[in-house]
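K.L.:
Spelled out, the chains give:
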Amino acid sequence: MKGRHVLSVLVENRFGELARVVGLFAGRGFNIDSLAVNVTLDPAFSKIVLTTRGNDAIVEQIVKQLRKLIRVKKVVELSDDRAIERELCIVTVQAAGSAARQEVERVVSLTGARVIAFAQTAFTLEASAASQEIDQFLELLRPLGIRDMVRSAPIAIARPGIEVAAESVPPLGGVA
Amino acid sequence: MSSARATALTNGPQPAPASGEPMRGARILLECLLEEGADTIFGYPGGAILHVYDELAKMRGRIRHVLVRHEQGAVHAAEGFARSTGRVGVAMVTSGPGATNTITGLANAYMDSTPIVVISGQVATHLIGNDAFQEADIVGITRPCTKYNYLVRDVHELATIVKEAFYLARSGRPGPVLIDLPKDVSAQSCVFSYPSKVDLPSYKPSTRGHPLQVRRAVELMMKTDKAILYVGGGVVASNGGTELLALAEKLNLPVTPTLMGLGCFPSGHDLCLGMLGMHGTYVANMAMAKADLVVAIGARFDDRVTGKLEEFCKHATIVHVDIDPASVNKNVKVAVPIVGDARSVLEQMLEFIPEAPPPARDEWWSTLRAWQRDFPLSYRRRDDVIMPQALMCMLAEITRGEAICATDVGQHQMWAAQYYPVRHGRSWLTSGGLGTMGYGLPAAMGAAFANPGRTVLLVTGDGSFQMTLQELATCVAENLDLKVVIMNNGCLGMVRQWQELFYSRRYSEVGMSYFPDFVMLAEAYGARGLRATKPEDLRATLEQGFATPGVVVMDVIVSEEENVYPMIPAGAAHYEIVMAPEGDGAPPEPRDLA
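Top to bottom, those sequences are chains A and B.
Every letter in the first sequence is one number past the one before it in this note's numbering, and letter 63, counting from 1, is 63.
Every letter in the second sequence is one number past the one before it in this note's numbering, and letter 377, counting from 1, is 377.
Looking at chain A on its own, in the form it has when it is part of the complex (with noise of 0.2 angstroms):
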């Protein structure tokens, strides 16, 4: 069984650590489908979210060796429904001429994208949503002709009232 695992990292805000976090994974052969990076509200410390695929047993593991990294303070596994998820989508479409554009509007009202920015042929739209509904927008869009498109790494948070394992709880009953 391989599946699908979304880790968030937290670890302190300096060169060299997200290459060890990284390298965790490169090293076992395993692939990080998606990663996202960014400070926290402290910011001497930094929030890795990332996805991976894999049996519990080497995820459970490969847990166990990032918290084991110096510099790592917390890892948690933020699962389907014990977490929110959203990534970010921004995609430049054709539009040329009215039904095109009218195509386009009634995608945005449909699926609460923005339109960040257009030109006489084109247009460029923002979505964030979770990675299924960025998947359903983009087909919608598909028909028109996508010129190009990006999408960020899922960020993921815990749903609130969910209480997630905190450091402070040793792993395996071990007291510091």
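Errors might be hidden in some of the hints.
To be verified - Using 27 angstroms as the maximum straight-line C-alpha spacing, the simulated DSS-like pairs for lysine-lysine come out as follows:
(1) K73(A) x K58(B)
(2) K204(B) x K74(A)
(3) K68(A) x K223(B)
(4) K204(B) x K68(A)
(5) K333(B) x K64(A)
(6) K330(B) x K74(A)
Stated by the list, open to error - A partial selection of chain B residues facing chain A, derived with a Cβ cut-off under 7 angstroms:
(7) R143
(8) Y148
(9) S202
(10) Y203
(11) P325
To be verified - If you want a taste of the chain A side facing chain B, the calculated C-beta under 7 angstroms gives, among others:
(12) R14
(13) G23
(14) G27
(15) R28
(16) Q65
(17) K68
(18) I70
(19) R71
(20) V72
(21) E77
The hints are simulated quantities; they were obtained by calculation from the structure and are not laboratory data.
Beta carbons: idealized from backbone N, C-alpha and C, even for Gly.
For this one, chain A is given, so just place chain B on it according to the hints.
P.N.:
Frame of chain A, contents of chain B only:
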């Protein structure tokens, strides 16, 4: 011959700069090492580290530098120093090739959890990334084989980095830390002040085990008749031998040490079953296969120990004590995980044991004793050729098992592990995880520096010895007392054994067509060389060697075709253990497992 030259290169020591005066980074580095009690550096100079060597020349008498002959030797020497003392070993090298030559040693120390700090010079910061002369991205290269590594970008952070590096190397699961020091940073000056404590907000290694889990483990040990303690390098690293002995004796438990755990429980003790694993004793492996409770302490269920995972300890409840949470449930599902330092957890276990007579375990012990009696370690006695096992037995007798015994990697390593009775922790130096041929001589050298007055014995092979034998020059130059025994079978014995057993005797590149004369080679290096070729010469040669002060190389010609038994073939189960063949010594039927 070289004494006049040596004198010309020696300056008198100069006093430390007054406190509050700015110092160069190079000097700050060395003052930091002294603050950490690291007064011995194994190293090799070069361009990028020149400022540090310049300061070193001004500090003679305060800090000792050992000039090795190859940087790999410096790191293994630091490992031998660390393993034999428990202190952090230090190696120092230049940039580029100097740094890349440390990688085998770093990887070795990482696998065997040995606390060392390696300082590498680096090209000046403005040249980094420019393909400068002797530039290598050593921080990038060593990221997967160090516990942590640092690139120092500003002299003001140097003291903090050294403090953290030593703390990281020795705390938690110990390991190697590398500090990459660019040449311009070692030339910059600032006021030196050594931090009193480290601030590592994300690094909080556990030491004490969870009390409820510890209590559960003790209850299981009390009530399970067929129980065994499987103990590894973590007990050595935490100096937990005394507590382990007390636990085993209080609960009347059999003990089997791993290759890395040898010495943490006295070999020859009634409760000791000998080493387990691929070349472990019959009784130890069968006990693991049949036990109802396996308590692993400071051991990591390595594949050379477990064999076939699906068959490993099938009947047993497993308790695992380890300082590294990532080792728990990695290879084997554990019923009672306890994350903590081996000695601390052993102490906690002792507190929970009620004052009562120990469980008798009569049936279990009578089974174990029968296995010991019926399937002891054994080999064919021959009087026409020296048997490697007989050599080990004689070395044990001559040193009374009290030597610090270092080995290289291969058949000789396994015979040393089987037949040399290591009685004390930190008296057994071997490359367990990485299996590094060439580890032995420099590691023994490091131990000899750290333990003057103790006999240091290196058991090596004709293959391994040739990988790092240039350190003989260092040993002679430093007037070390070191006894090297080459178990010379004229081939790469362990590879030959596998080709014999698993590749239908298709021998491929295991016989070197030319060997140097090791006696002449030893003499060329200024050491004493001796040779034994016949069983009747062996005792006299060894006795002469051990009675001769200084570096002695004893070339002992042993049986070429002897194999290491018992053997659990790779990927087989413990109960599939193969014993030495009987009678004329025909090897077992070859099985092509390739």
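K.L.:
Work down the list of hints and note, for each, if the structure agrees.
P.N.:
Do the hints match the structure? See the list:
1. K73(A) x K58(B): Not satisfied, since the Cα-Cα distance of roughly 42 angstroms exceeds 27 angstroms.
2. K204(B) x K74(A): Holds, because 12 angstroms separates the two Cα atoms, which is no more than 27 angstroms.
3. K68(A) x K223(B): Cα-Cα ~35 angstroms, so violated.
4. K204(B) x K68(A): Between K204(B) and K68(A) the Cα gap is close to 10 angstroms, so the pair holds against 27 angstroms.
5. K333(B) x K64(A): It holds: about 15 angstroms lies between the C-alpha atoms, which stays within 27 angstroms.
6. K330(B) x K74(A): Holds, at roughly 20 angstroms.
7. R143: holds (6 angstroms)
8. Y148: At 5 angstroms from the nearest chain A Cβ, Y148(B) passes the 7 angstroms test, so the hint holds.
9. S202: Check passed: Cβ of S202(B) comes within 4 angstroms of chain A, closer than 7 angstroms.
10. Y203: The hint holds - Y203(B) has a Cβ within 7 angstroms of chain A, the shortest such distance being about 5 angstroms.
11. P325: Hint on P325(B): holds, closest Cβ of chain A at ~5 angstroms, below 7 angstroms.
12. R14: This hint is violated: R14(A) lies away from chain B, its Cβ roughly 10 angstroms from the closest one there, beyond 7 angstroms.
13. G23: holds (6 angstroms)
14. G27: Holds. Min distance 5 angstroms.
15. R28: violated (10 angstroms)
16. Q65: holds (5 angstroms)
17. K68: holds (5 angstroms)
18. I70: holds (5 angstroms)
19. R71: This hint holds: R71(A) lies near chain B, its Cβ roughly 5 angstroms from the closest one there, short of 7 angstroms.
20. V72: holds (6 angstroms)
21. E77: violated (16 angstroms)
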